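Which chain is which? The protein sequence lines are A and B, in order.
Per my numbering: the first sequence ends with 310, consecutive numbering throughout.
Per my numbering: the second sequence ends with 761, consecutive numbering throughout.
Rather than coming from a laboratory, the hints here were simulated on the basis of the structure.
Fair warning: this is a prediction, and the values are worked out from it, not measured in the lab.
Backbone N, C-alpha and C define an ideal beta-carbon position, used for all residues, glycine too.
Heads up, some of the hints might be wrong.
Under 8 Å between C-beta atoms, here's a sample of chain A residues computed to sit facing chain B [as the list claims (entries may be wrong)]: (1) ARG137; (2) PHE141; (3) LEU150; (4) PHE178; (5) SER225; (6) TYR286; (7) PRO303; (8) ALA306; (9) ARG310.
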Amino acid sequence: MSRRWVFVLPSALFALLVGGFYVGLQVHSDVLPSPLINQPAPRFSLPPLIGGQRGFSSADLKGHVSLVNAFASWCAPCRDEAPALDALARSGRVAIYGIDYKDKPAVAQAWIEALGDPYARIGADDGRVAIDWGVYGVPETFLVDRTGRIRYKHVGPLTDADVSQTILPLVARLDR
Amino acid sequence: MIDEAGHFALILALCVAMLQATVPLVGAARQDAALTAWARPAALAQFLFVAIAFFALMHAYAVSDFSMANVAENSNSVKPLLYKLTGVWSNHEGSMLLWVFILALFGAAVAVFGRSLPPGLRARVLAVQAMIGVGFLVFILLTSNPFLRLSPAPADGAGLNPLLQDRGLAFHPPMLYLGYVGFSIAFCFAVAALIEGRVDPAWARWVRPWTLAAWCALTTGIAAGSWWSYYTLGWGGWWYWDPVENASFMPWLIGTALLHSAIVVEKREALKTWTILLAILTFSLSLVGTFLVRSGVLTSVHAFATDPRRGVFILLLIVFYTGGALLLFAWRAPQLHGGGLFAPISREGGLLLNNLLLATAAATVFIGTLYPLFLNVMTGQRVSVGPPFYAMTFVPVMVPLLVAMGVGPMLPWKRGDLAAALARLKWAFLATAAAAVVTLAAAGVRSLGAACGLALAAWLFAATASELAERVHLFAEPLSAVLRRALRLPRAAWGMTLAHAGMAIVIAGITGSNAWSEHTVLSAHPGQSFDIAGYRLAFDAVHTVRGPDWTETRADMRLLAGGREIAVMHPYRRFYTSEDGDQTGVAIRTNLLADVYAVIGAPDGKDGGYVLRLYYNPLVPWIWLGAAAMALGGLVSLSDRRHRVGAPMRSMRPAVAAAARIQAAE
């Protein structure tokens, strides 16, 4: 009798594994908790994409609600979210800042010009500042309140639905 | 027109596969020869239709038909024809079609070469194989169809990933797939044996050539992939323990165990259920390897989020095939009659030890690969598991395996004498000690780890050579007799010798690369020269070269040894205008003992200087030489005559008796 159980063991282990994978698929990437939620945004100062312009630093985030978007010109999903970001920028409801992640500044500049520029300021990051923000891939988007605390993190491309159902209501609440 | 024909052929292939998955099974169960006979023509027809689909897609790539969405996204009219064609499998949809194409190819091969198989077993093997085909054809047609049209068609395609314009990368996925998919045959034989309720030496002999063929392809594919990352990525390394590499390495480890345990089934009728389990696991790990990496679950949550349907579908397929096979295993395996116990000190004891160690090694890689995923699921934490983990877990398992690899082939079947076997290995002990002493004397006491590694390599090589010498009676008989014996040696024996010696060479390469690699990163101006590991590298000039869709910064370098020029090296950095991508062209000068490896980086931003990375990688070429010897050993073993003519006859118990036996056991 005990010998039979040995033969069931592989199935049982496999079931556990599948359970793990299934849960892994269910944890939708944009609800992954970030340990940085409700923490002050990291302090940083990033240079601009091209000389002459102003860069982007933590001081820019003080005093108003802001949306910080980590992106890169080499990232295909970033291209997908460009229209949603553009529309949000044109609505004027929230200031959008960009962290250009591990990118070639000249290529990024051309990319932004081609797709429309929603950003109030952009900083070019070699990856170090993104680490402080807990970015593990682009695009990722953060909502920062007036005191400079990170209040929400969105992983993956923003859609119009994300903007209207999640981002704008949160902005309205944080603005109050 | 041709595209639509391809699309239609793919749908027809699905229909044929559905018939092939059911009718022969019913035939085999009812012992109805007419229905059983469906399996072979169905397998051939399925292959024909999948081949039409595959070549139709290839045609669309060749003529740059950008009205096909898949071609428009992944090809470009200025690409060289070779890379247009290999572009077929450089994307998700096309590579799935290649996967199914190879699957159908193996099915057709079983139909053609499996004439000596009993019709019932053959029908079941092909039916199980068709079940896999059905799943993946449905997956392609529903979620990853490469034949979808795009309207309006764009003027040119968007796909020209420069990294993919490389021969190594162009041909290594098909090799890996031949390996992955080849293991499906072992899986099908295992499931068919579970359905039939019998595993005997004849079964093991039938499975072995298919497993060997898959193993050779996978060995080649892994080595080619590692070589590709060595000479294109420009980081001087050849293995990073990243999930993609591990995904191909796990089926290799379990597949290697399967190769060895099948020998025990064939010779001693033991380890039957274990062998069945290994066959199921090898293919399951191939499935996990192909798809979880591709779906992005392991590498990046983002890539995966692009189409969650695919991930869920793939998981369902894995649940169905692996889960189904394992449940069948739980139900039927207890009724298989084992060959009883055997002595620990014997050939089969050695092979069992090999299996336990390889399975443990695969488990460590499995845990290292999946731990980050599971930790993320449970706690939201993100970690990465790197080389230190594998140095602590994988290496300690490999050391006893390599030691045992020297002794095992010396032991006779049934009952061996360890002391006598070790006495016959006296020359191997001498070689081991000599390798350790010479390494320590030449490289100093700080190279203790390297001395151990080289001693292990010397041990395995010398022990393998001793075993061969003993077989051919070297030094015991006149040379002509020795040669005659060598020629008459079964090819399987030569195969083992080659593969084990190849492993020894790989170990030496890994050791040398880990212990003595040197590298420098420096900012250089044309005209300067640099010393590395006794060589002098003169950085003479930098040119700009223009190609059809790229511009290249190309360096002229001379490699000098003792003041004499021994090679000219041209590392380059190529920018692709249409994709904003760049590619590193590494210049490698090898003398088969060591590589001098030069990479030119970006301009350093100061008056015409460039970032140069120079590496000296001793013994690294041996890694691929050894891997080639291993794959060659597999091929030689595959050509052994007992696989070709030794059509084994089963003891003539009718299948009815076997079925009755199972019912009695229940």
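Answer holds if the nearest beta-carbon of chain B is closer than 8 Å to that of LEU150/A; otherwise answer violated. At 10 Å from the nearest chain B Cβ, LEU150/A fails the 8 Å test, so the hint is violated.
Against chain B, with CB atoms and a cut of 8 Å, does the hint on PHE141/A hold up? Holds, because the Cβ-Cβ distance from PHE141/A to chain B comes to roughly 5 Å (cut-off 8 Å).
Take the shortest C-beta to C-beta distance between ALA306/A and chain B; is it under 8 Å? This hint is violated: ALA306/A lies away from chain B, its Cβ roughly 27 Å from the closest one there, beyond 8 Å.
ARG310/A as chain B interface residue, shortest Cβ-Cβ below 8 Å: Violated - the Cβ of ARG310/A stays beyond 8 Å from chain B, reaching only about 29 Å at its closest.
Quick check on the hint: TYR286/A CB to chain B CB, less than 8 Å? At 15 Å from the nearest chain B Cβ, TYR286/A fails the 8 Å test, so the hint is violated.
Closer than 8 Å between Cβ atoms is the bar; does PRO303/A clear it against chain B? Give me holds or violated. 22 Å, violated
For the restraint on PHE178/A, tell me whether the closest CB of chain B is nearer than 8 Å. Constraint on PHE178/A not satisfied, violated at 21 Å.
Holds or violated: is there a CB of chain B closer than 8 Å to the CB of SER225/A? 25 Å, violated
Hint check, ARG137/A versus chain B [nearest Cβ-Cβ separation less than 8 Å]: 7 Å, holds
Hint compliance for this structure: hints 3, 4, 5, 6, 7, 8, 9 are not met, and every other hint is.
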